[in-house]
Amino acid sequence: VIGTPFNPETDLPRGLTEADVLEWVEADARSRSAAAQGSALHRVSRAVAADARLGSMLEAMRVDRAALGSLESPAPPEWLAHAVLEEHERQSLLALSDMAAMGRRPARREPDEDSFSFSAMPRWFRPALASAAVLVLAFGAWQLLPIVWPRPATPQGPRVATNDRASPIPAPVEPERGVEESPAIAIVPPAVSIPTPGAIEPSAAEILSARLEMSVEATLELALAGRLVVVVSVADAHAAESAARQVASHPVDATWGLHSPSEQLVAAMATPAHARMVGIGDDESGVHRAGGDGPLGHLQIVLAATPTVFRAQASASPEALLDMLDGLERLGTSVRLMPVEEPLPGMGMVPAPTGESSLLWWEGDPASWRPWAAIPVQFIESR
Amino acid sequence: MDDEPQLIERAKAGDGAAATEIVHRYQRRVYALCLRILGNPDDAEELTQETLVKALTGLERFDGRAKLGTWLYRIATNACYTRLRSERVRSRGRVPWPESGELEAASGVKRSEAALDAGQRQRHVAQALDRIQPEHRVVLVLRDVQGLEYEQVAEVLGVPVGTIKSRLFRARLALREAIEQLESGASAHRGDHS
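Protein chains in written order, with my numbering: chain A, 26 to 408; chain B, 235 to 428.
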């Protein structure tokens, strides 16, 4: 019987680990009696014989384990299987109806500017449209600048436009006809799906829920805690990296963006434990280990290849997460979300970007604004 | 279980009979897992349903690297963690295990001393399981109640095997302490009556 709580750090006999003791508790009597001299089982048996308190505790643990194993396994109610299959069928039909609706829309509708619907566009097109709107806005503002703030005439006269970064004054560019009349930038609709009358459209949370192994709420919580990793399987890591760099070279858009990772993050994701967790074996990941019982005891040397890692920043909302997954899926063959035990360095909740692209989408009371999360994205080559 | 890959392929292709077979094959294990972790039949039913629907809907993404059972346990465990954190389960609470003697009184059957001891030990273990931290409870349920190997538990919880062993040992310690508290309470109770 334990009088004071047993502390494994201090109360385990010297030379024994938690794993050794655990093995002894779970071993049957025959294995324990047949344990080879010097083996962990044998060492624990000796310690048990010498320490009555340890012996009674481990024996009680064996009894507890047997009692746990003999707990009855209650049957679920009979209606459960039926309810599961019915719900599965309902969700499948919803998904089919959505796919059918998205497929038919362009063919059925006549071009009609009055019935313009942002939600009718393919999801991938929205960030592209937002980026285009920002470019048009910036270009328009640039064109208005000479009118609002006339530039003094230079003695050199007009210069030829070049790509030379050393050129101190950018040469004026002839505006294209009609570009100045671009009020479209002022009426860009918000990135919120507007339900189309008559069509059943599942929300981003519903779509996401069907794609995730865990709940949307848990996924967002893990992302904000810095405990979520996005693993993108790619056919060619170099090609994917270069594509990802192109994405990263663009500023963060309305919902998410890619950035270069910090050295600490790369180091954290280069560990063998992480490599195993994301499903790449030691050989495939370039992680090599050497070790053994030498003069320094159990020494383990780890050499790991630098993983291809990026840092995504996304609004902690189902819509943003879905956009991010869609975007990353275009870079690889499949995307998985994996929870990790400990928060990764620098990941988790981050301040929302305050660039003009995101300002376009700000609406509602600031209290309703979603926090943003930094999430590591790891590309692994699938063979 | 040798037919599992074919079963999964058939379910992916939209074969309703295969989906039904998967549900019938795994619902009991998933339900038992949820019930032992959450301690509440209503929550366990709800999360079993959620887990199986999610698995069937997302079966397309199941690549077969892990066993289907392990994948289902992973989905269920994550769902249970989420539920445990929510206000709802805290307010709903766990359904208490019957106290020693209540079952006997209800059944009207006098049992042998040995059977009584075994039954009492089971009740104490089940009650103690409810009292320890969810992290410890989950690992004990997966290993001892569901009988998973260390590697499978590691796969379900997404942590290395070494971490599982350490966590399991500490879970056994925590369970032992909880049982001792229950036993000392029970003996004090008997002392009051005698």
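I should point out that these hints are in silico values taken from the structure, not numbers from a laboratory. Each residue gets a CB set at the ideal place from its N, CA and C atoms; glycine is no exception. Don't take every hint at face value.
[What the hints assert, rightly or not] Pair ranges (Cβ atoms, derived):
1) 367(B) with 284(A): 46 to 56 Å
2) 115(A) with 238(B): 43 to 53 Å
3) 320(B) with 355(A): 20 to 30 Å
[What the hints assert, rightly or not] Simulated crosslink set (DMTMM-like; lysine to aspartate or glutamate; CA at most 25 Å straight-line):
4) 301(B) with 351(B)
5) 246(B) with 280(B)
6) 301(B) with 288(A)
7) 246(B) with 84(A)
8) 301(B) with 249(B)
9) 301(B) with 236(B)
10) 246(B) with 294(B)
11) 246(B) with 354(A)
12) 246(B) with 51(A)
13) 301(B) with 364(B)
14) 246(B) with 97(A)
15) 301(B) with 279(B)
16) 301(B) with 97(A)
17) 246(B) with 297(B)
18) 301(B) with 84(A)
19) 301(B) with 76(A)
20) 301(B) with 406(A)
21) 301(B) with 243(B)
22) 301(B) with 51(A)
23) 246(B) with 76(A)
24) 246(B) with 231(A)
25) 301(B) with 417(B)
[Unchecked claim] Far from chain A, by Cβ distances over 12 Å, these chain B residues were calculated:
26) 236
27) 239
28) 243
29) 244
30) 291
31) 294
32) 301
33) 309
34) 367
35) 386
36) 411
37) 419
### Query
Within 25 Å, alpha carbon to alpha carbon, are residue 246(B) and residue 97(A)?
Roughly 33 Å between the alpha carbons, so the hint for residue 246(B) and residue 97(A) is violated.
#### Entry: Non-interface claim for residue 294(B), where every Cβ of chain A lies beyond 12 Å
For residue 294(B), whose nearest Cβ neighbour in chain A is about 9 Å away, the distance does not exceed 12 Å, so it is violated.
### Task
Below or equal to 25 Å on CA atoms is what counts here, so check residue 301(B) against residue 351(B).
violated, 38 Å
### Distance restraint between residue 246(B) and residue 297(B), which requires alpha-carbon spacing of 25 Å or less
The given pair, whose Cα atoms are some 11 Å apart, holds under the 25 Å limit.
### Assertion that residue 386(B) lies outside the chain A interface [Cβ separation over 12 Å]
holds, 14 Å
#### Entry: residue 236(B) and chain A, when compared Cβ to Cβ, separated by more than 12 Å
holds, 23 Å
### Task
Could you grab the alpha-carbon distance between residue 301(B) and residue 417(B) and see if it respects the 25 Å cut-off?
Violated, because 39 Å separates the two Cα atoms, which is more than 25 Å.
### Query
Is the Cβ of residue 244(B) more than 12 Å away from each Cβ in chain A?
holds, 14 Å
### Task
Given the hint of 46 to 56 Å, check if residue 367(B) and residue 284(A) actually sit that far apart at their C-beta atoms.
violated, 36 Å
### Query
residue 301(B) and residue 76(A): Cα distance at most 25 Å?
violated, 42 Å
### Task
Measuring Cβ to Cβ, find out whether residue 309(B) lies farther than 12 Å from everything in chain A.
violated, 5 Å
### Query
Between residue 301(B) and residue 243(B), does the CA-CA distance stay at or below 25 Å?
The hint holds at about 14 Å.
Of the numbered hints stated above, those contradicted by the structure are hints 1, 2, 3, 4, 6, 7, 12, 13, 14, 18, 19, 23, 25, 30, 31, 33, 36, listed in ascending order.
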